[in-house]
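Trainee: Sequence:
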Amino acid sequence: MSKVLIVGLDGATLDLIAPWAAQGELPTFARVMREGACGPLTTVIPPMTGPAWTSFMTGKNPGKHGIIDFVHRREGSYEIVPVNATARRAKSLWAIVGEAGRQVGAINVPVTYPPEPVNGFMVTGLLTPSTKVRYTHPPELAAELDDAVGGYRIHMKPSYAKGDVGEFLDDLRVLMRKQGAATVHLMRSRPWDLLTVVYRGPDGAQHALWHATDPAHPLYNRRHAARYGSGILDTYRQMDAHLAELIGLLDDDTTLVIMSDHGAGPLHEFIYVNNWLIKWGIMRTRPSLPSRLRRLLFHLGLSPVEIYDVMLRLGLGFVKGAVTKGKNRGLLASFFLSFADVDWAHTTAYAVGNGGQIFVNLRGREPQGIVEPGEEYERAVAEIIEYLKEMTDPQTGEHIAVDIYRRDELYSGENVGLMPDIVFLPCDLKRMPFGEYEFGSHKLIGPALSISGTHRMNGVVMLWGAGIAPGRALEGGHIVDVAPTVLTLMGLDIPADMDGRVLSEAFQEGAVSPVRMSERDTQLAQGDPEAALSDEEEAEIAARLRGLGYVG
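Just so it is clear: in the sequence shown, position 344 is 344 by our numbering, and no numbers are missing.
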């Protein structure tokens, strides 16, 4: 009947935590690792924040819960729009625990907007348009948080230009402090049996500052490293001190779970997948005069990334949001090549989002699909995979797509049809398939400009408290394992339709009741993914994601 506190650290990685803890930089992490169980936590493919946290909260793979990125194709069109919590087609851990009569709380977890009416409280996280909308359950909790912390905040300021890093770090510290204070306030003032809080500080710092800590990074320079080289470590130090504060509030009946949604590492280059599809003849653009003109301008370098590069060189990186803001992507949109210029009647496949996602232009699924289901579909998939196998860096000749997957190799469940038909991961993930615009650059591969760090497949999981085996090394953990493990810690049945297993190796013998399975179905009926968003809210979310280096 243990209570559970889950502390989510977006992007946290053992690659950094373990050595810093050993060096005495992170004493609280070192204590948890010494007195508890710890190991890597494999995430979903592609290793993106949206599907990863959704897999955590459901215990299911994306083929069941239906979310594969921060964005998706709007039904009936090729328009790419942000997702929200109504796109999730499986019950959350908080709903399951709440239905069992336990009190729950969730704070700042990505892809929880709009807030669901849980048996307790919820404060939504990333993909919330702003604090001007109803982002809490109950609604009056928002005013309470504002009073408690002097104005609650959800979002960090993006680091558009390298010259703004100092301001970005100062803002990140303030954001983490306010969210930490809100967590402490709610822990003390409201009843809870399961409380989940996510801090996005590690991910933000790593995206913005990896180049300042890594002499092998193409963007590394000594002056920048001297000023900001400790920025990522400082973020973990702040988190370490806050963890000590949270641990001080726990009683002996509470288990602490620390976890991340994915790991982190350097990012050197972007891969522009739709450009490769055009090169291979798999995608074609329209022959109309406006599209031909935009294609010509595109080849001459008029593209979002090249424009942003010029802004950076002029010290104007901070105006990126103004240039690209809005549903139609702002001032230069009419000149940029986009999906509106694609000749869908002669296009076999297209790429959407981050992490190497390719969708076949399937008849009956896409609005102008041309590939017939069955044998023709299988031939198209096989052809694209063969092209990917031969995909090489034009400069070095190095093969790019090392791991290539068909949809059914990665996903299973009722919503597999929403998943990409092919996913590929580049070698060592120092290159990232670009998802910010349909056609971000006229290049096949180009330097990463707005961020210098990105995601890796292995995050971290730690368990600490009574009944947890001290010093136990965990192996083989997957992000879908956290939900069934938490349910077992709380003495609750595990729904049989969850994909994860219980991390029972973390427990001391006899410390936890035997695993109990339930045949209950935790799938949800199909909802309307855009139901909760106005055009203005949708544009606000897209602008925030652009600022973080994700989507356009």
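If you're looking for bench data, these hints aren't it; they were derived computationally from the structure. Nothing here was measured: the structure is a model prediction, and the numbers come from that model. Here a beta-carbon is modelled for each residue, glycine too, at the ideal position from N, C-alpha and C. Honestly, I wouldn't trust all of these hints.
Here are the computed lysine-lysine pairs in the DSBU-like style, where the Cα-Cα straight-line distance is at most 30 angstroms [what the hints assert, rightly or not]: (1) Lys430 <-> Lys157; (2) Lys279 <-> Lys430; (3) Lys443 <-> Lys430; (4) Lys178 <-> Lys157.
Pair ranges (Cβ atoms, derived) [said to hold, decoys possible]: (5) Gly166 <-> Glu35: 55 to 63 angstroms; (6) Glu378 <-> Glu79: 50 to 58 angstroms; (7) Pro218 <-> Ser189: 43 to 51 angstroms; (8) Pro215 <-> Ala241: 23 to 31 angstroms; (9) Glu376 <-> Ala18: 19 to 27 angstroms; (10) Glu536 <-> Gly397: 41 to 49 angstroms; (11) Ala340 <-> Glu475: 30 to 38 angstroms; (12) Ala244 <-> Glu79: 41 to 49 angstroms.
Trainee: Starting from the hint list further up, note which numbers the structure goes against and sort them upward.
Mentor: Numbers 5, 6, 9 and 11 - these are the hints that the structure violates, sorted from lowest upward.
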